[in-house]
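Asks: Line order of the protein sequences matches chains A and B.
Letter 50 of the first sequence, counting from 1, is numbered 49 in numbering that gives the first Met the number 0, and no numbers are missing.
Letter 216 of the second sequence, counting from 1, is numbered 215 in numbering that gives the first Met the number 0, and no numbers are missing.
Keep in mind the hints are simulated off the structure, nothing from the lab.
Treat the hints with care, as some may be off.
Here are a few chain B residues that sit away from chain A, every Cβ distance over 12 Å (derived from the structure) [as the list claims (entries may be wrong)]: (1) A152; (2) V168; (3) S216.
Ranges between beta-carbon positions, derived for each pair [claimed, not checked]: (4) B:A71 with A:A159: 43 to 51 Å; (5) A:L198 with B:P217: 52 to 60 Å; (6) B:A37 with A:H156: 37 to 45 Å.
Computed from a predicted structure; not experimentally measured.
Idealized CB from N, CA, C, for every residue including glycine.
This is what each chain is made of:
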Amino acid sequence: MKRPVIPTPAAEWNERSVDLARLLGRIGLGDRAAFATLYERTSPHLFAVVLRIQRDRAQAEDILQEVYVNVWRAATGFDAARSQPLTWLTSIARNRAIDSLRRSRSRPQTQGSSAFDSAADAEDDSVYDTVADSAPGPLDLLSQASDARELSACMEHLSAQQRQSLALAFYQGLSHAEVAEQMREPLGSVKSWVRRALLSLKDCLQRAVQRDQTSVRSA
Amino acid sequence: MDYGRAALADRLAAAYAAGTLRGPARRRFEALLPAHPALREATRIWQERLMPLTAALPPETPPARVWQRIEARIDGASPNAAPVSRTPIASRLAFWRGLAAFASIAALSLAVLVATPSAVQPPIIVVLSSTAPGAGGATPASFVASISGDGRAVVTRPLTQVALQPDRVLELWAAAGAGAPRSLGLISASGASVVRKAALPPGTDHLAVSLEPSGGSPTGAPTGPVLYVGKLTL
Numbered sequence: 000m001k002r003p004v005i006p007t008p009a010a011e012w013n014e015r016s017v018d019l020a021r022l023l024g025r026i027g028l029g030d031r032a033a034f035a036t037l038y039e040r041t042s043p044h045l046f047a048v049v050l051r052i053q054r055d056r057a058q059a060e061d062i063l064q065e066v067y068v069n070v071w072r073a074a075t076g077f078d079a080a081r082s083q084p085l086t087w088l089t090s091i092a093r094n095r096a097i098d099s100l101r102r103s104r105s106r107p108q109t110q111g112s113s114a115f116d117s118a119a120d121a122e123d124d125s126v127y128d129t130v131a132d133s134a135p136g137p138l139d140l141l142s143q144a145s146d147a148r149e150l151s152a153c154m155e156h157l158s159a160q161q162r163q164s165l166a167l168a169f170y171q172g173l174s175h176a177e178v179a180e181q182m183r184e185p186l187g188s189v190k191s192w193v194r195r196a197l198l199s200l201k202d203c204l205q206r207a208v209q210r211d212q213t214s215v216r217s218a
Numbered sequence: 000m001d002y003g004r005a006a007l008a009d010r011l012a013a014a015y016a017a018g019t020l021r022g023p024a025r026r027r028f029e030a031l032l033p034a035h036p037a038l039r040e041a042t043r044i045w046q047e048r049l050m051p052l053t054a055a056l057p058p059e060t061p062p063a064r065v066w067q068r069i070e071a072r073i074d075g076a077s078p079n080a081a082p083v084s085r086t087p088i089a090s091r092l093a094f095w096r097g098l099a100a101f102a103s104i105a106a107l108s109l110a111v112l113v114a115t116p117s118a119v120q121p122p123i124i125v126v127l128s129s130t131a132p133g134a135g136g137a138t139p140a141s142f143v144a145s146i147s148g149d150g151r152a153v154v155t156r157p158l159t160q161v162a163l164q165p166d167r168v169l170e171l172w173a174a175a176g177a178g179a180p181r182s183l184g185l186i187s188a189s190g191a192s193v194v195r196k197a198a199l200p201p202g203t204d205h206l207a208v209s210l211e212p213s214g215g216s217p218t219g220a221p222t223g224p225v226l227y228v229g230k231l232t233l
């Protein structure tokens, strides 16, 4: 299935970051207008991030609310010299979303093995289901994200299995066990695919940075 | 940290950022972060590597009620300033005037510790009050200064209108006990100023603003009258 490619180069990520860092600085001083602007500019992205992981919309809204209340209180803790604002915000949102899964998914287990199990299993299955047809799948997302030159080149080094397991874990917030279930592959293999995918990306991105530095020096 | 531990930190940080570190292991990792700078740094680097992947997600505008709830949470007061419309200057001024009024009523040289849930040192907010008593003997709060947790940046902002002659500037000073004040730099009388330093002088317990000729104090010590003073109290 062909999907339109959304242009999302890393350059845009960086550009947006400059403005956002300024806003966060003002929010640290209690500037409500800056906070409203930050919300306006970033909430559609963070909501998308959260919804991928936490499919329950009501819960996703609660998480988003928590994230921004947290940002309002902790904006002064943001260190513009060290972090990209969008990275900082996205990390907070992802962590909250993953934490919410821990709570909602552990519920069926605490009910013990009883007649409720089949119902609980059915509920869990819906959690593991792939995203609704209208939404791009995790693999589509990975290829769209890799519009950034280096990331794209680095993605090509991954095997199909490495790419799929990383996409499921990263975008959907699935655990190793859940990825294994979805891919119908052994848990051990999935663990090693994700692990190798991350290592491969790291090495590849580091080499790209080194190449850039070398070319700057020789220029 | 020897190589083995560094490699372990890197592996855990990668799994944490990718989201595959789960359950008790994730909670343990988060509990370790505040006390382990190397772990924090590894985590930051992995987040910088992976978070741009989320740029591929089609944006989803949240329903308006989310913003309304956020506003209700951050202040019990009347929620206004919908994020879709720019907040008019007048209401922003009203906000600062409101803050100034609050500051004068609450306490004059108060320092508020803003709690942050993270490991980052909380910033210190200092309210600087006018040294000249205003009407009724109350000293109006006139500047608010926010000192970053590591003491390397100070952001100042006037709370009330400060009228200056064109050949005069405001200079910010840090003072430790009875010692000579050290200049932190010039600050704006009309808007926010960011003053960056390697660190605040150790033992700094006061911030002060003096009136100086344009270009700042020629002597390295305050030459004009000290207009505003604020105490750092924890």
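Asks: Note whether the CB distance of L198 (chain A) and P217 (chain B) lies within 52 to 60 Å or breaks it.
Replies: Check passed, 59 Å falls within 52 to 60 Å.
Asks: Is the nearest Cβ of chain A still more than 12 Å from the Cβ of V168 (chain B)?
Replies: Answer for V168 (chain B): holds, closest chain A Cβ roughly 21 Å.
Asks: Evaluate the given range 37 to 45 Å for the C-beta pair formed by A37 (chain B) and H156 (chain A).
Replies: violated, 28 Å
Asks: Range hint 43 to 51 Å: satisfied by the CB atoms of A71 (chain B) and A159 (chain A)?
Replies: holds, 48 Å
Asks: Minimum C-beta separation from S216 (chain B) to chain A exceeding 12 Å: can you confirm that?
Replies: Non-interface label on S216 (chain B) holds, nearest chain A Cβ at 26 Å vs cutoff 12 Å.
Asks: Would the least Cβ to Cβ distance between A152 (chain B) and chain A come out above 12 Å?
Replies: For A152 (chain B), whose nearest Cβ neighbour in chain A is about 9 Å away, the distance does not exceed 12 Å, so it is violated.
Comparing the model with each numbered hint stated earlier shows that hints 1 and 6 do not hold.
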